[in-house]
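Each chain, written out:
Number of protein chains: 2
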Amino acid sequence: MYTYPFRPKTPYVAVDGIIKVFDKENFLGIVLIERKNAPLGVALPGGFVEIGESVEQALAREMKEETNLDVDIVRVFGVYSDPARDPRFHTVSVTFECVATGKPRGADDAKIAKIFRLEEIPWEKLVFDHSKILRDFLYGKRE
Amino acid sequence: MYTYPFRPKTPYVAVDGIIKVFDKENFLGIVLIERKNAPLGVALPGGFVEIGESVEQALAREMKEETNLDVDIVRVFGVYSDPARDPRFHTVSVTFECVATGKPRGADDAKIAKIFRLEEIPWEKLVFDHSKILRDFLYGKRE
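Here the protein sequences line up with chains A and B, keeping their order. Take 1 as the starting number for the first sequence in full-length UniProt numbering and just add one per residue. Take 1 as the starting number for the second sequence in full-length UniProt numbering and just add one per residue.
This is chain A alone, in the form it adopts within the complex (with noise of 0.2 Å):
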């Protein structure tokens, strides 16, 4: 091991997961949770990454843990670090689109996790950046 003179202070880092789910070949929207801590609302599942995993492994066990879902990772949609997205203090998301099948069930900081049709996500009960990255999503990344 390397000595190391300092202990960085850094922002915390979290995944967070836009999980299409199919039904065979039919799309059948996006999961999304209702928290059960604060800030209280509809988000995207997820949750903070610990030490010793990666983020990969963090998505898979915050997807399990929020929806029950088995996910499988497309790729990394992007990386969000407003310093004011979260309003307890400052926060990295890595963000990824994943895919899974079958039904969501809300568990551990989500009460219910629910699929949403794309035209029926309830845009302003979205809590973080959720509504930022959700546009992104379907819209495209813009500056």
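No wet-lab data here; the hints were simulated from the structure. Any given hint might turn out to be false.
Any copy, or any two copies together, can satisfy a pair, since identical chains are not distinguished.
What the hints assert, rightly or not - Listed below are the simulated DSBU-like cross-link pairs for lysine-lysine, each with C-alpha atoms no more than 35 Å apart in a straight line:
| # | residue 1 | residue 2 |
| --- | --- | --- |
| 1 | K9 | K24 |
| 2 | K9 | K64 |
| 3 | K111 | K20 |
| 4 | K36 | K103 |
| 5 | K103 | K9 |
Starting from the known structure of chain A, arrange chain B on it as the hints suggest.
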């Protein structure tokens, strides 16, 4: 502000830059630095994200500090988070592809900053997982 029952423990967040340097339309190579601090060796320029800055701001700041170049971001190339990738502690790297013109000059954590043609990348001297990152960059990502 929200109150929150705990402070999460997550890996540290850093940024690294794959800087492609151009002289007008001519691609000259990418920038690597020789590190001043442990782990000693050759690396992509990069550093830790500070609380209160976005990853894009951190990237611009670190590239300027270590290479004196003003870079334009092309995209997030990848997120590297293997717990063993940094011998000091668990660090998640948000790795950007970016472009710049001009001559790099090492400073801060970089003893030297220099343009390397792709054929002269000193693979055996690269620290962290930067040989993996550059292999992914040159040959495509594989699982």
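Structure-based check of each hint:
For a Cα distance limit of 35 Å, the shortest separation of K9 from K24 qualifies neither inside one copy, at 46 Å, nor across copies, at 39 Å. Within a single copy, K9 and K64 get their C-alpha atoms as close as 30 Å, and across copies as close as 20 Å, so both meet the 35 Å cut-off. In this assembly of identical chains, K111 and K20 lie within 35 Å of each other by CA distance solely inside one copy; the values are 20 Å within and 47 Å between copies. In this assembly of identical chains, K36 and K103 lie within 35 Å of each other by CA distance solely inside one copy; the values are 20 Å within and 52 Å between copies.
With identical chains, the CA atoms of K103 and K9 are at most 35 Å apart between copies only, with a shortest distance of 31 Å across copies and 40 Å within one.
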